[in-house]
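All chains, full assembly: derive it from the sequences and hints.
Number of protein chains: 4
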Amino acid sequence: MHSKPALRIGLIGTGFMGKSHVFGITVAERVFDLPYRLELACIADVSESLARRAAETFDFSGWTDDWRTMIDDPEIDLVDITAPNAFHKEMALAAIAAGKHVYCEKPLAPSAEDAAEMAAAAQAGGVKTQVGFNYLCNPMFTCAREMITAGELGEIRCYRGVHAEDYMSDPESPWTWRHDPAGGGALSDLGSHALATAEFLAGPVVQVLGDSFTVIRERPDGQGGTRKVEVDDVTRASLRFENGATGSVEANWIATGRKMQHEFEVYGSKGALAFSQERFSELRFYSMNDPTGRQGFRTIVAGPEHAPYGRFCVAPGHQLGFNDLKAIEVQGFVEAIAGSRPEPFGFAAGQRIQLLVDRIHDSARDHGWVDVA
Amino acid sequence: MHSKPALRIGLIGTGFMGKSHVFGITVAERVFDLPYRLELACIADVSESLARRAAETFDFSGWTDDWRTMIDDPEIDLVDITAPNAFHKEMALAAIAAGKHVYCEKPLAPSAEDAAEMAAAAQAGGVKTQVGFNYLCNPMFTCAREMITAGELGEIRCYRGVHAEDYMSDPESPWTWRHDPAGGGALSDLGSHALATAEFLAGPVVQVLGDSFTVIRERPDGQGGTRKVEVDDVTRASLRFENGATGSVEANWIATGRKMQHEFEVYGSKGALAFSQERFSELRFYSMNDPTGRQGFRTIVAGPEHAPYGRFCVAPGHQLGFNDLKAIEVQGFVEAIAGSRPEPFGFAAGQRIQLLVDRIHDSARDHGWVDVA
Amino acid sequence: MHSKPALRIGLIGTGFMGKSHVFGITVAERVFDLPYRLELACIADVSESLARRAAETFDFSGWTDDWRTMIDDPEIDLVDITAPNAFHKEMALAAIAAGKHVYCEKPLAPSAEDAAEMAAAAQAGGVKTQVGFNYLCNPMFTCAREMITAGELGEIRCYRGVHAEDYMSDPESPWTWRHDPAGGGALSDLGSHALATAEFLAGPVVQVLGDSFTVIRERPDGQGGTRKVEVDDVTRASLRFENGATGSVEANWIATGRKMQHEFEVYGSKGALAFSQERFSELRFYSMNDPTGRQGFRTIVAGPEHAPYGRFCVAPGHQLGFNDLKAIEVQGFVEAIAGSRPEPFGFAAGQRIQLLVDRIHDSARDHGWVDVA
Amino acid sequence: MHSKPALRIGLIGTGFMGKSHVFGITVAERVFDLPYRLELACIADVSESLARRAAETFDFSGWTDDWRTMIDDPEIDLVDITAPNAFHKEMALAAIAAGKHVYCEKPLAPSAEDAAEMAAAAQAGGVKTQVGFNYLCNPMFTCAREMITAGELGEIRCYRGVHAEDYMSDPESPWTWRHDPAGGGALSDLGSHALATAEFLAGPVVQVLGDSFTVIRERPDGQGGTRKVEVDDVTRASLRFENGATGSVEANWIATGRKMQHEFEVYGSKGALAFSQERFSELRFYSMNDPTGRQGFRTIVAGPEHAPYGRFCVAPGHQLGFNDLKAIEVQGFVEAIAGSRPEPFGFAAGQRIQLLVDRIHDSARDHGWVDVA
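Protein chains in written order, with numbering that gives the first Met the number 0: chain U, 0 to 372; chain L, 0 to 372; chain F, 0 to 372; chain H, 0 to 372.
Simulated from the structure, these hints should not be mistaken for laboratory data.
Treat the hints with care, since some could be wrong.
[Said to hold, decoys possible] In the DSS-like style, the derived pairs of lysine-lysine whose C-alpha atoms are separated by at most 25 Å in a straight line are: (1) LYS227(L) to LYS227(F); (2) LYS269(L) to LYS227(F); (3) LYS227(H) to LYS269(U); (4) LYS227(U) to LYS269(H).
Shown next, in the form of structure tokens:
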């Protein structure tokens with residue numbers, strides 16, 4: 000019955016993001032008319048028992064505790080990496096070398112240099128890649144960008160972005176790989192989202208002025224002692240955009256009470272947009288075209304007129320969920336693999352975000368503006 | 000690899016709700032550890048080509064243009080009905096007669112009498128049933144009910160419920176089966192949700208005082224003429240609850256601008272709750288236990304502490320989508336079939352809602368309070 | 000220096016509303032260019048010491064413990080009544096008989112008959128009158144009515160109004176005159192506001208279907224015993240408007256957590272309005288004239304383009320306060336006395352509200368629709 | 000009848016802030032039990048006709064076109080300066096020299112040096128002074144500071160402040176004194192508010208990293224040509240607080256659609272606060288003391304338990320207005336003059352804000368962190 004070719008997926012990692020990818024793939028398969036049939040071919044984890052259990056739970060055809068074997072398996076077309084950041088580079092380069100398309104969770108790599116190497120390899124290898132910046136897949140983000148591009152806000156002048164959560168707010172929360180200076184910290188973990196959104200909406204950043212701060216300077220090491228924290232809890236940066244606009248972003252993972260404060264405000268000469276991921280089906284729009292005495296921020300609610308919302312639900316206002324954004328992300332990548340559209344957010348884009356992260360850290364360390372090449 | 004028994008599903012209908020059921024089943028299969036493996040065995044539609052295309056799109060093993068054959072097929076365990084309301088009774092009775100579990104979209108039937116017949120047949124047939132009141136599956140609804148049961152609001156005194164949308168707001172929108180007095184109208188279509196929520200939270204209603212109104216009195220008949228509309232555009236009712244509380248509901252499908260105004264407010268002697276489906280991951284809670292000068296409605300955001308949110312996402316505030324609520328609905332039914340919990344919202348519950356709808360219509364017609372037996 | 004004639008005010012009552020009137024008069028005098036100079040001539044209270052203290056605090060020229068003397072004093076032009084409801088009629092009739100303009104707090108009288116007698120007397124006496132429905136003085140109400148009148152919402156179809164607070168929520172709160180069936184209760188106290196707003200926006204009500212309920216059936220009598228409560232804690236009513244629209248209001252003074260839930264929603268064929276007194280400087284407007292994909296409720300914020308906001312502040316968004324609404328109320332009355340505009344809300348209007356209150360009580364008692372003559 | 004001594008006020012300026020001061024004085028006189036009777040003795044404006052008209056409108060006993068004469072008049076106790084910024088210093092020094100108390104609109108002076116000279120003169124002269132930072136007078140600000148001081152948020156870690164409006168958004172809006180580098184610009188005009196709020200809540204700032212930007216680089220000069228704009232349209236700064244917290248402020252006067260975005264968020268180890276002047280009667284509070292599954296930002300609404308709200312209104316939720324905040328400001332100053340409390344925001348405090356403004360400008364110019372002595 001299936002006339003579509005199969006795209007056989009090998010997933011590395013069985014944790015939070017591993018699950019989220021499975022959910023996204025599953026929903027994408029049902030909701031969209033994809034160019035491939037997505038096959039959950041194999042799942043890899045360092046623990047064989049975890050891998051086997053995940054395979055059963057999520058209906059993968061196979062499992063392994065050796066990701067290298069899986070990557071080299073000719074029965075795998077796409078390698079999907081949700082392992083800890085430190086392994087991204089090694090895994091991705093191996094997959095590219097094996098000629099596989101690669102889907103990698105963010106951040107792509109601990110440094111812009113590593114990310115550049117990965118992007119170059121993907122380019123040279125002729126494979127398609129994707130980094131998991133799923134907030135950008137929100138139909139209301141697409142709507143926002145279309146509005147900006149169409150000039151509904153006029154000339155873009157100012158941008159304000161935040162990504163704040165509170166999962167590192169507790170000083171008793173132990174030291175983990177997220178606190179490793181090689182790739183960890185609030186800017187890398189959350190600020191990367193804020194930066195991706197900023198460039199998605201307002202275009203390339205050309206200069207940054209950074210400020211990083213560590214509030215909780217040591218954390219339990221899990222062995223009765225403590226370990227020094229050398230990464231940022233809060234980083235903010237002033238930005239200059241290529242289009243002449245000015246802006247800022249803040250990354251904060253100790254913002255008590257905040258679960259998902261991914262926010263942006265864009266101010267143009269004719270209008271403005273405001274958004275919070277806390278209510279991600281809503282986009283607030285102010286237009287100076289509205290009559291005097293009738294102006295105000297209006298709340299646009301996601302509906303079928305904001306593609307691809309209509310694939311999920313024909314009625315407006317019913318709301319998509321987090322895993323639905325992941326499904327849209329999967330759709331974009333699969334269509335890019337089929338060649339019907341450019342990569343939505345390939346390794347080169349991931350490298351770009353990493354570059355911004357590095358430059359902001361450079362600026363924070365050196366106390367001055369830094370150009371982003 | 001699959002050690003679980005299969006639950007083979009035959010779905011009737013390929014429209015909006017048919018899709019939504021498929022999405023819900025698919026997500027439930029991945030997200031939950033269900034007692035059965037869910038098999039999309041067959042899909043039925045009066046149009047064979049639609050049925051075949053849906054089977055391909057959604058990965059059903061088979062398709063048919065004859066739902067009766069499917070219902071009688073011993074390879075089908077569960078019949079899932081998303082056909083127009085007018086067919087619910089005939090299909091459900093046939094499925095029950097064939098010993099199948101039945102999942103039926105709301106409203107269960109055009110009248111309480113029909114619904115009672117269906118509920119009795121299910122009871123007699125020993126099959127499990129479910130009516131699709133998916134709003135009740137929201138973790139924040141569960142949370143709200145737990146709070147009420149635990150006495151966090153004190154004695155419940157007042158209830159206010161609304162379900163308003165605007166999809167019938169345009170007078171040029173043509174006459175459809177939703178405008179047929181046998182089962183159609185705003186109260187039946189939307190008010191049934193408001194009533195289900197009211198009883199879910201505040202317990203049984205014992206008396207109703209109804210008021211129905213038709214604003215758009217004729218609609219295009221699709222053949223160049225118009226057809227008289229005999230159903231309600233707006234119905235509201237005062238309610239008395241068994242627990243002594245007073246309340247109201249409003250159903251409205253011409254509320255211009257409203258896409259999903261399913262709202263409730265519950266006032267108790269010690270606190271209050273307020274909710275809107277427009278932001279269904281949020282529950283607002285006022286507690287008189289908070290210190291003086293620090294009281295206020297707080298916005299509780301859905302997170303892993305509100306089961307089963309954590310099955311979808313380990314981090315709070317990421318939001319579930321409409322189809323995720325459907326997945327929770329599927330989970331509940333499948334577990335009831337396995338006998339591990341009571342039916343979450345079986346035909347008897349559906350009959351109850353239909354009874355309330357009928358009594359409110361009776362009251363509106365006769366202009367006085369009506370007891371709900 | 001003062002070329003304006005004086006309007007000499009005699010105020011009865013030194014409580015909450017007495018103060019509020021003084022504040023309103025004081026602000027109005029400064030903010031507006033009124034046709035009269037407002038003189039705080041005399042203040043009356045049954046307690047001479049309270050009267051004297053209030054005179055000193057609020058800068059009245061005189062005080063008295065005998066309101067009759069004050070009313071008859073030829074040096075008084077306007078009698079302002081903020082005494083308990085039970086005295087309104089006697090005081091107002093005396094003032095009218097003495098040829099004084101009368102400003103009376105709401106409700107005008109305990110029954111429509113009494114109110115009619117007062118309105119007739121005012122009419123016959125040729126004096127100007129005002130009842131204190133200050134919510135109507137909000138610039139955003141004026142804006143809302145202008146929008147409706149101008150057709151920006153199209154044909155008005157549905158109306159939903161609420162006035163809920165929680166000041167009677169505590170069962171230990173003692174029996175007061177507000178619990179006296181002659182004029183007390185939630186509908187009279189709060190519902191009167193909701194009804195005034197309903198007719199202000201959607202025009203005359205022609206039929207009502209009422210439902211009244213008493214939750215707290217006895218209250219402490221202040222002498223160690225309890226006293227039976229015979230007034231409503233919650234009343235709701237379905238409404239039919241002369242223009243063909245359908246609507247509802249709810250009055251509720253036991254709505255735990257609500258401090259000022261005076262809300263309305265108006266749905267028309269082309270747009271909608273939503274408002275809450277909790278944020279009374281904001282009016283939410285949905286317009287179907289907005290482009291597809293850009294529609295949504297917009298929040299219009301009070302500014303100089305919403306007269307008379309600009310008299311208080313030249314910059315938008317700075318917000319008026321409750322006492323500022325009272326000042327606008329004073330302005331309207333003073334201009335009516337000068338003959339430059341009709342009475343904004345005279346005794347006839349107050350009588351009208353009382354009629355609606357009575358008819359809703361009639362309906363609630365007799366369980367059926369009641370015409371409003 | 001008046002037993003209180005008089006405080007005779009001479010007001011300079013008849014514009015927006017002049018009016019606002021009159022309204023504030025008038026309301027304060029009525030609402031509070033002040034230690035003095037406030038007399039509107041004289042109003043000065045360079046235009047005699049404007050001065051006379053304002054005297055009549057606002058009920059001043061006298062008027063003048065010569066502010067120097069007024070300042071020297073022994074019948075004046077308090078000089079209230081609402082003239083353009085450029086005159087503040089000269090007027091204030093003259094008033095201090097004449098032994099008068101001085102109430103001066105913000106900003107105190109174009110530079111920290113000038114402000115220091117004024118503060119020193121006031122100190123030496125033994126007069127009481129006040130700078131008009133009225134946002135700080137909001138009862139919800141007092142509440143916020145009390146919560147922070149009482150440890151309800153735990154250790155303060157992060158602060159985010161914004162003051163954005165759009166009154167300079169239009170490039171056709173002409174060059175005015177607000178665009179003069181000597182004291183003008185968004186940071187001086189709006190950022191000063193944000194800085195005052197930041198220190199009010201989180202304590203002294205010890206280091207700043209500034210970024211200033213001019214979007215609209217020339218404006219009409221009112222004579223057919225254009226004039227270069229040398230002040231900032233947008234300035235943001237990273238901050239370090241003495242208590243170890245990190246923070247930021249943004250000042251922006253071209254934020255299209257924003258009328259009053261004076262916002263703060265304070266994050267502590269046990270809780271958080273969020274506030275927007277757009278809804279200044281509301282304070283949002285998150286407390287980790289709330290039970291699991293019941294945590295969330297709660298909206299505390301201003302009421303009598305938040306002094307001095309109860310002076311304006313005995314019922315909660317009725318809302319104060321902008322001019323009411325000014326009245327509270329007047330109350331504080333008058334009580335300071337009577338010696339019953341310290342100056343709420345004297346010239347030394349105004350000097351402090353000016354110092355912060357200057358240091359942020361220094362930092363923006365020199366591209367590095369700057370200590371605030």
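Taking the hints in turn, this is what the structure says about them:
Annotation: proposed proximity of LYS227(L) to LYS227(F) is violated, straight-line Cα distance about 51 Å (limit 25 Å). Taking the CA atoms of LYS269(L) and LYS227(F), the gap is about 22 Å. The hint holds against a cut of 25 Å. About 22 Å separates the Cα atoms of LYS227(H) and LYS269(U), which keeps this hinted pair within 25 Å; it holds. Restraint check: the Cα-Cα separation between LYS227(U) and LYS269(H) comes to about 22 Å, which is no more than 25 Å; the hinted pair holds.
Going down the numbered hints, you'll see the structure goes against just number 1.
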